[in-house]
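Asks: Sequence:
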Amino acid sequence: MKKFDITVTVEALAASDLSDSESRLVDLARQATYRSYAPYSHFCVGAAILLDNGEVVTGANQENVAYPSGTCAERSACYYAGATYPDARFVAIAIASRGTDGEPTTQPCAPCGACRQALLEYEMRAGHDVAVLLVGSDTVYRLPSVKALLPLAFTEF
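In my numbering, the protein residues as written are 1094 to 1250.
Everything labelled a hint here was simulated from the structure, so no lab data went into it. Be careful, since some hints might not be right.
Only pairs whose alpha carbons sit at most 20 Å apart, straight line, appear in this in silico DMTMM-like list of lysine to aspartate or glutamate [to be verified]: (1) K1240 x D1098; (2) K1240 x E1104; (3) K1240 x D1222; (4) K1240 x D1145; (5) K1240 x E1214.
Since the model is a prediction, treat every value here as computed from it, not as a measurement.
When you get a sec, could you build the whole thing from the sequences and use the hints?
Replies: Right, dumping it as structure tokens:
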């Protein structure tokens, strides 16, 4: 039997540690939470994706009483980006959330498994790492890539 460790490097950053581009992406993700439709969970998520053509697309979670017919903010944004800018490649994504009290969550919120897989496929299309910013009220976690969110990912197809 062989054992091995999988290690993911996560940087915990204050707002002042972010580049101007990262700050803009974080702000857009936070703004996107206000376009969420979450009448059932009352948990609002926003995502902002920077594309290599300079465009930024955003998405917000959209719930539906016929669960699981809704969609998460991350997939909302990445599918919109893919449909609107099919030749552009992802550079970075920021994900922000507001809790059931309507306030930004203290801890950064990570994507669900389905979103991780969808985002990974766009990272693979890009041919390079796509930076991930997970946004909390006072801290932003920066991961070097989507793959860092999904070790041992399904990539053979």
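Asks: Decide, hint by hint, whether the structure agrees.
Replies: Quick rundown of the hints versus the structure:
no., hint, in the structure
1, K1240 x D1098, "holds (15 Å)"
2, K1240 x E1104, "holds (15 Å)"
3, K1240 x D1222, "holds (8 Å)"
4, K1240 x D1145, "holds (19 Å)"
5, K1240 x E1214, "holds (10 Å)"
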